[in-house]
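Novice: Spelled out from the first residue to the last, the chains are:
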Amino acid sequence: QKEVEQNSGPLSVPEGAIASLNCTYSDRVSQSFFWYRQYSGKSPELIMSIYSNGDKEDGRFTAQLNKASQYVSLLIRDSQPSDSATYLCAVNLDTGGFKTIFGAGTRLFVKA
Amino acid sequence: SAVISQKPSRDICQRGTSLTIQCQVDSQVTMMFWYRQQPGQSLTLIATANQGSEATYESGFVIDKFPISRPNLTFSTLTVSNMSPEDSSIYLCSVGTANQPQHFGDGTRLSIL
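Order-wise, the sequence lines are chains A and B. Our numbering puts the first residue of the first sequence at 1, with every later residue one more than the last. Our numbering puts the first residue of the second sequence at 1001, with every later residue one more than the last.
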């Protein structure tokens, strides 16, 4: 089992719709979870961090965390064509130190 | 967040040669990380670099192929040795902590002919 799993997509939604991106992780003791957006040819940029169960909202983005189910999701409301990118789920694993493991990423297309 | 500068930003190299990538951070950080992103793939951690100690390599990556230096708290280098076309990737330097996200440099786009 991969440490961080995402549906690779592509996910296609019409402009103005809600895009829902999902991620599961295998390490039960993980405490830090992140969503990154990566445009083609660019480095990943952080969208959201979430550390406790429940929802965290920031503008059009909502991250949801359920540690019991080892599940984290990202909702993008009022999707815009500029949201078209690859979205990466990332989890910090406790290794004595730590390391950040990334999922395979989900490609999102928002159709105008 | 920290500002991370990587150079070179891109290079085209001949197979069998080596290239050293530099990563400079504008503040002192304990841990620096090196990732590889092959075409169409996600990020794979190569190694973690702590100042004053040997880098910790992930499974599938070895020091002879990817030697890393960490001479101080603001700088690190990654060398890609004896390159082959399979090493064509984007190499990314990042900094982060256990409770904070990774922040990335702009990456080095490497092509091997």
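Treat the hints as calculated values from the structure; they're not laboratory data. Quick reminder that beta carbons are idealized off the backbone N, C-alpha and C, glycines included. Misleading hints may appear alongside valid ones.
[Claimed, not checked] DSSO-like mimics (lysine-lysine), calculated; alpha carbons at most 27 Å apart, straight line:
hint, chain 1, residue 1, chain 2, residue 2
1, A, 2, B, 1065
2, B, 1065, B, 1007
3, A, 99, B, 1065
4, A, 42, B, 1065
5, B, 1007, A, 42
6, B, 1007, A, 99
[Claimed, not checked] Derived list of chain A stretches under chain B, where covered just means 3 residues or more per stretch with a C-beta under 8 Å from a C-beta of chain B:
hint, stretch
7, 14 to 25
8, 53 to 59
9, 66 to 80
Novice: The structure should be examined with respect to each hint, and the outcome stated for every one.
Specialist: Verification of the hints:
With a CA separation close to 25 Å, the supplied pair residue 2 of chain A and residue 1065 of chain B stays within the 27 Å bound. About 19 Å separates the Cα atoms of residue 1065 of chain B and residue 1007 of chain B, which keeps this hinted pair within 27 Å; it holds. Our distance criterion of 27 Å between C-alpha atoms is met by residue 99 of chain A and residue 1065 of chain B, whose separation comes to about 21 Å. Only pairs whose Cα atoms come within 27 Å are accepted, and residue 42 of chain A paired with residue 1065 of chain B is accepted, the gap being roughly 25 Å.
In summary, the hint linking residue 1007 of chain B to residue 42 of chain A is supported, as the alpha carbons are separated by about 15 Å, within the 27 Å threshold. A distance of roughly 23 Å separates the Cα atoms of residue 1007 of chain B and residue 99 of chain A; the hinted pair therefore holds under the 27 Å criterion. Counting residues of the stretch 14 to 25 of chain A whose CB lies closer than 8 Å to any CB of chain B gives 0, so the stated coverage by that chain is violated, three being the minimum. Given a C-beta distance limit of less than 8 Å, the hint that chain B covers the stretch 53 to 59 of chain A is violated, as 0 residues qualify and 3 are needed.
Coverage of a stretch by a chain is defined here by at least three residues with a beta carbon nearer than 8 Å to that chain's beta carbons; for the stretch 66 to 80 of chain A and chain B the count is 0, and the condition is violated.
Checked against the numbered hints given earlier, the structure breaks hints 7, 8, 9 and satisfies all the rest.
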